[in-house]
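Chains A and B are the protein sequences, given in the same order.
First residue of the first sequence: 106, per the numbering used here; consecutive thereafter.
First residue of the second sequence: 314, per the numbering used here; consecutive thereafter.
Please keep in mind that the hints were generated in silico from the structure rather than gathered at the bench.
Just so you know, these numbers come straight off a predicted model, no measurement behind them.
Built from N, CA and C at the ideal position, the CB exists for glycine as well.
Mixed in with the good hints, there may be bad ones.
For lysine-lysine, the following BS3-like pairs were computed, each having C-alpha atoms within a straight-line distance of at most 30 angstroms [said to hold, decoys possible]:
#1 K129/A <-> K443/B
#2 K358/B <-> K261/A
#3 K526/B <-> K158/A
#4 K129/A <-> K358/B
#5 K261/A <-> K443/B
#6 K174/A <-> K129/A
#7 K261/A <-> K526/B
#8 K362/B <-> K380/B
Not close to chain A: a few residues of chain B, all C-beta gaps over 12 angstroms, as computed [as the list claims (entries may be wrong)]:
#9 S370
#10 A487
#11 A542
Derived contacts from chain A toward chain B, CB cut-off under 7 angstroms, selection only [to be verified]:
#12 A140
#13 A147
#14 Y213
#15 F215
#16 S245
#17 G247
#18 A253
#19 Y257
#20 L260
#21 G375
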Amino acid sequence: MNRSSILLILACCWLASACATFPKHIPSTLLGPQARSPFVTAGTDSSGMIVWKQPAVTIPAPQTNMGTKSIEKCGGEVGKFLAEWQDVNGSQMQLIHGKAAASEFSGYDFWGTHRYHDWNVLLVVNQGYDAFLGPANFISFGGWGDDAVAQYLFLKNPELDGLVELEWDSGFFAPEMAPTAGDETLVVGRWAYDCGHEDEETSSSEHTLGFRAEIHAPEILMSSHILQSDSTTVHANFKIFAGSRSGPLNTIPLIFYVQKFFASYKNPLGGKDYSIGLRAPGDGWKIASCRLTPGTPAGGRARRITGNIGSDDGGTSLTFTLSAKDLKPTARIESSMMVDVTWVRSDSSRGRGITKCE
Amino acid sequence: MRVIVSVALGLTLLSGTVLLAADQMQDSLAALASEDSSAYSKAVKFLSKNRQQAEPSLVALFHDTGKPELARLRAIKLLGDFGLTAAAGDIQQALKSGSEPNVAIRVQMVRALSKLGGEGAIIEYLNTHKETSPAVNAAIAMSMQGRTDDDSKKALGYLLGIEDSRVFRAAVRAASKTYAPITGQSSNPSNPSPPPPPIEKAPPLSENNTSGKVAPTPGDRAILQALQAHRASTDPQTSQQAAQLLDELSQHYHQ
């Protein structure tokens with residue numbers, strides 16, 4: 106093979122890798138901007154409908170140096186070209202609970218580290234999760250200046266301040282399983298600095314707030330969408346998506362631009378069992394109906410595992426379990442489920458305190 | 314004949330190019346109102362490359378209250394980001410007039426002015442005491458960070474006295490940056506800013522003063538008093554932040 110052939114092949118590879126696209130199976134209604142909820146406020150875990158049960162997770166202690174730490178870890182101007190995401194606090198998975206203010210495709214993604222466009226969720230975190238926010242995560246410090254969706258949210262609600270983003274390459278996640286804006290959302294995943302989003306401070310004497318901290322990529326994303334909520338009935342649709350792959354996060358695009366086609370970041374979803382509670386907000390409810398249906402898969406070659414759901418408190422709440430303990434931590438697995446649940450008042454003649462879902 | 318044809322062809326091409334650029338400019342300005350992130354990104358790229366030509370249109374856009382608020386907000390942001398200092402006067406006037414009802418747009422005015430070197434106008438606006446929005450006051454506090462002149466310190470002292478956690482958090486961050494040279498806190502070790510101007514210091518209280526402490530200026534005093542008041546706050550985070558900065562400053566200033 107002569108030199109010009111090699112150069113031609115390299116050029117073709119470079120051109121082929123130079124676009125982050127949308128997967129073919131995505132419905133066209135999801136491609137553009139989605140409805141947003143600028144007025145969501147920080148809730149509490151105890152008032153929510155999703156309760157994380159196991160494995161046990163701990164919230165990291167607040168760090169006062171997240172801004173400077175992000176700059177050190179990201180490594181200045183060229184850092185992004187060597188690794189776009191850097192773990193904030195080791196490689197253990199972290200859990201964040203909050204409400205989605207926006208949930209839609211990102212407008213722009215760096216071609217070297219994305220196989221497909223990311224699906225992004227902007228989250229207002231529950232009380233007690235502020236430790237996950239660095240200075241660049243606060244609008245009041247001048248953060249999010251480069252983010253068109255955050256600009257829109259802030260314009261509509263200037264009370265909005267701290268936000269965390271969840272980003273998942275849509276080749277490894279089904280956007281149909283994403284929360285819609287306003288939904289309670291729980292995420293478990295890699296807590297990382299996004300070295301592609303450095304925020305300027307507003308003063309001329311200082312030039313950076315550091316990089317935003319985010320979950321990139323999640324391994325479990327769960328949401329509850331309330332369809333009806335009044336004094337007699339609560340009807341909600343829960344979406345649960347778990348996946349161990351998240352796209353070419355750790356590739357070095359400047360050198361190995363072809364690497365993005367076969368490299369995918371592995372979250373350690375396997376090796377553990379998971380259980381998550383689903384309940385109606387407040388006391389005095391019983392389950393009137395419950396239906397478990399398969400969710401949309403992400404596509405690709407992941408082994409699909411199915412969760413189970415049932416009530417172990419006589420029909421007041423449900424527990425969703427996902428068994429992955431017997432699998433390797435790096436196993437390529439995925440689970441996508443939807444649960445439709447209706448609760449009625451416990452003294453209602455409707456329902457029988459259902460303990461198993463259809 | 315050939316020359317005439319060449320000139321005509323050249324003129325046609327030129328006018329075509331000019332018209333195309335004008336179209337792109339209009340499209341980009343229109344895209345500032347778009348809720349679509351990718352349309353906005355493309356518009357910013359084009360306007361950034363043609364920032365000088367875009368300036369009058371961006372100024373006109375932010376003045377036009379009939380245009381969508383999202384477009385006006387972004388027009389002001391871009392004027393600041395592009396460093397179009399000629400627009401500072403317009404933004405300053407619009408802020409001082411107090412006629413802008415949208416809080417997010419006022420925040421953006423403060424940020425743009427700060428980037429364009431209009432801190433004096435921001436202090437003037439603050440001193441009118443018309444601003445009641447925590448978001449705007451927090452943005453004003455952030456624009457004072459690292460500034461060691463006494464007017465900026467007085468402004469920070471005033472902002473620290475406002476009972477709002479968002480304003481307080483921004484003002485504490487700003488004050489930490491302002492006093493970083495004396496408290497020894499490095500705000501950004503790997504991306505050092507140019508050395509700040511020397512801190513204004515009042516002379517030592519007496520010739521016998523051997524503690525090395527200096528008398529605070531009126532601006533320092535305003536900050537110290539506000540921090541002192543917050544030390545007793547019922548919000549643990551606020552009282553902790555106030556106490557920490559106060560302790561650091563106490564090592565340097567007589568109180």
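Checked hints:
1. K129/A <-> K443/B: violated (54 angstroms)
2. K358/B <-> K261/A: Holds, because 25 angstroms separates the two Cα atoms, which is no more than 30 angstroms.
3. K526/B <-> K158/A: The hint is violated at about 55 angstroms.
4. K129/A <-> K358/B: holds (28 angstroms)
5. K261/A <-> K443/B: holds (22 angstroms)
6. K174/A <-> K129/A: violated (39 angstroms)
7. K261/A <-> K526/B: violated (48 angstroms)
8. K362/B <-> K380/B: holds (23 angstroms)
9. S370: Holds, since 19 angstroms exceeds 12 angstroms.
10. A487: Check fails; 8 angstroms does not lie beyond 12 angstroms.
11. A542: At about 21 angstroms from chain A, A542/B clears the 12 angstroms cut-off, so the statement holds.
12. A140: Violated. Min distance 10 angstroms.
13. A147: violated (12 angstroms)
14. Y213: With Cβ-Cβ at 5 angstroms, under 7 angstroms, it holds.
15. F215: With Cβ-Cβ at 12 angstroms, over 7 angstroms, it is violated.
16. S245: Holds: closest Cβ of chain B sits about 4 angstroms from S245/A, inside 7 angstroms.
17. G247: holds (6 angstroms)
18. A253: With a minimum Cβ separation of about 4 angstroms from chain B (threshold 7 angstroms), the hint on A253/A holds.
19. Y257: holds (6 angstroms)
20. L260: holds (4 angstroms)
21. G375: For G375/A, the interface hint is violated, since the closest Cβ of chain B sits about 34 angstroms away, which is over 7 angstroms.
Hint compliance for this structure: hints 1, 3, 6, 7, 10, 12, 13, 15, 21 are not met, and every other hint is.
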